[in-house]
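Listed in order, the protein sequences are those of chains A and B.
For the record, in the first sequence the residue sitting at position 384 is 384 according to the working numbering, with numbers rising by one throughout.
Each position in the second sequence, counted from 1, maps to that position plus 1000 in the working numbering.
Simulated from the structure, these hints should not be mistaken for lab results.
Values in this document were obtained by computation on a predicted structure and should not be read as measured data.
Hints are supplied without guarantee of correctness; some may be wrong.
To be verified - Result set (SDA-like, lysine to any residue): computed pairs, CA atoms no more than 20 Å apart in a straight line:
id, chain 1, residue 1, chain 2, residue 2
1, B, 1080, A, 95
2, A, 11, B, 1203
3, A, 3, B, 1221
4, A, 3, B, 1139
5, A, 3, B, 1203
6, A, 17, B, 1098
7, A, 11, B, 1221
8, A, 17, B, 1137
9, A, 125, A, 176
10, A, 17, B, 1139
11, B, 1080, A, 325
12, B, 1221, B, 1203
13, B, 1080, A, 17
14, A, 3, B, 1102
15, B, 1080, A, 234
16, A, 11, B, 1075
17, A, 234, A, 95
18, A, 11, B, 1098
19, A, 11, B, 1102
20, A, 3, B, 1114
21, A, 391, B, 1081
22, A, 11, B, 1142
What follows is the residue order along each chain.
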Amino acid sequence: MLKNTFLIAIKAIFINKVRTFLTMLGVIIGVGSVVLLTSIGTGLQLYVADQFEQLGSNTLYVVPGKPFGDGGGFGNQEQAMLETTKATLKIRYLDQILRNHRDLIAEGAATSPFSATVKYKNQSKKAIIFGVSASYPEIQTKEAATGEWFTKIDENKQAAVVVLGEKISEEVFGDVNPVGKFIKIDSKSYKVVGLLDTIGGGFGGPSFDNYVYMPYETLVKRFNTEYIDNFVFKVRDELLVDQAKKEIEKEMEKYLEEDEFTVFDQTQLLDTINSILGVLTAGLGGIAAISLVVGGIGIMNIMLVSVTERTREIGLRKAIGATPNLIMIQFLIEAALLSVFGGMIGVVIAYLGSLALQSFFPAQVTLGAVLLAFSVSAVVGIVFGVAPARKAANLSPIEALRYE
Amino acid sequence: MLLSLQNVSKQYQLGNMVINALKHVSVNVDAGEFVAVMGPSGSGKSTFLQIASILAQPSGGVIKLKDRDVTAYDEVERAKLRNQEIGFIFQQFNLLARTSALENVKLPLVYAGVSESEQNLRARAMLEQVGLADRLANTPSQLSGGQQQRVAIARALVNNPSIIFADEPTGNLDSKSGEVIKQILIDLSHQGKTIIMVTHELDVAEIAQRTITFHDGEITKDQKQTPKRISQTTAKTKKPRKAKINA
């Protein structure tokens, strides 16, 4: 009997195709926008996770101040900035940590960005000079595509050597191979020993391809700065990350107060970014969900009109043996089907939309979002179908048959 | 006795007024009878039809169908009873729009829970019986008034009901189509079907075996008669049955 009622409902939907489509339009737009907007949020999360994966999951950072909040999110940025400018981190802390914990830590490096003008012949360009330890490429998996990365010896000698990012090289050298050439940074001469492959940007930050990499000690000497942005450590094994983190904290506390520095790993940063993107995704989805509710109200309106329009039909069905329950179920199924069909079309449109977006933006339609959209649209259909269905079920067959 | 109404009354509340649509009416109908119900508008004949066909509940009295007291049946039980025992023919045909003749005829079987293949078989046979074998896929808008009423008759017959109720079956038709419908009703009566037909046209009532006349909510006349044979008198002057399909 239920199967028959289902078939009756399907037939009723296909009888008036234009009205059916217009009714579904609201749900199509609602589900489509929910799925598409959450796909953008999800795509961003996956993209960020992927970028972090590339950096390595066994990496630890030490930064000045407390940039993170306790439960994810951001902490006191102002104070963190202040600590950074005070040159809180000193290179000897790094050396000490490396000396004492070689069992846990494979490599460690200090990074220190500095802004200066890079010049080759008559081409000049403002660039970020990134002072790093010689061991930096082993931690952040950056390798010279042409030439070589500078060595520990270069660093100790404070040698005037640099490695160029792909983009800055192209901007200053054009098609010329820079390796072996000399460039001027703030009127001092440096030899280019290596050129990096394209790496791409950190998310939202400057592109690593724009950096000029220089031995940290060279930077200290030439630019007369002690300022260190952060330490990066490569832990020997992913499983040792927590232990290494504790040891580094212990070591740092010998020199600094507890609130003057933070040791964090990828997961902490990833959690923070994910929690922000999660809120963003939920927010976008929530706004889109409003249109889903509007779509549901559209269904209710049309179904109410439909019940009035089909009063005689309902009367006839009741006269020839349809019970009130069957009439109610028929109209509920009609509303739910309208909504679910609309949802299906919405999902397809959102999927195509996300494919189109992918050339500009990481968008990812997930199975979870699709299932959620389906169940929500079915629920919307049923919830907004109740009032019209009850109205239909309660019609008196005599009144209904007499209705003009 | 197939259907029995004993002392049945019906009151309507209309604002502050109470309208006695039926006043203690008693009627017995035997199986195979063809009854015409007549009377001016407001006489109570429509109310009688609604109560006798189990669509409406009386305010008082007892209704028995096949010796079962169905007076106190609830809405669900009455829906099932109508589905099994009663066929309806309306003045307005009441076919589902944009739905094929075959689908329309199948409708009572759908609610009876009959299998799809049997639905098709029986609905087809009924449409053949009313001369619409070649119109199975036509929707009501593709059929003439007379053809639509024949589809409705097929629908009324398809669940093999005990009684067929016809409410002004020719009231919405031109006289030519009306004759065809009358002939079908006569044929059904000859096959032993029980028919209760409301009409205000004397020449339509004449084809029945018995006429009950209502006035002011009461039966004023209830008499048997020899049904008029229209098949011999009128059919001769008309084209053969087959040609009337487009009537």
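Do the hints match the structure? See the list:
no.: 1; hint: B/1080 <-> A/95; in the structure: violated (91 Å)
no.: 2; hint: A/11 <-> B/1203; in the structure: violated (41 Å)
no.: 3; hint: A/3 <-> B/1221; in the structure: violated (49 Å)
no.: 4; hint: A/3 <-> B/1139; in the structure: violated (24 Å)
no.: 5; hint: A/3 <-> B/1203; in the structure: violated (45 Å)
no.: 6; hint: A/17 <-> B/1098; in the structure: holds (11 Å)
no.: 7; hint: A/11 <-> B/1221; in the structure: violated (47 Å)
no.: 8; hint: A/17 <-> B/1137; in the structure: holds (19 Å)
no.: 9; hint: A/125 <-> A/176; in the structure: holds (16 Å)
no.: 10; hint: A/17 <-> B/1139; in the structure: holds (16 Å)
no.: 11; hint: B/1080 <-> A/325; in the structure: holds (12 Å)
no.: 12; hint: B/1221 <-> B/1203; in the structure: holds (17 Å)
no.: 13; hint: B/1080 <-> A/17; in the structure: violated (32 Å)
no.: 14; hint: A/3 <-> B/1102; in the structure: holds (19 Å)
no.: 15; hint: B/1080 <-> A/234; in the structure: violated (79 Å)
no.: 16; hint: A/11 <-> B/1075; in the structure: violated (26 Å)
no.: 17; hint: A/234 <-> A/95; in the structure: holds (14 Å)
no.: 18; hint: A/11 <-> B/1098; in the structure: holds (10 Å)
no.: 19; hint: A/11 <-> B/1102; in the structure: holds (14 Å)
no.: 20; hint: A/3 <-> B/1114; in the structure: holds (12 Å)
no.: 21; hint: A/391 <-> B/1081; in the structure: violated (23 Å)
no.: 22; hint: A/11 <-> B/1142; in the structure: holds (19 Å)
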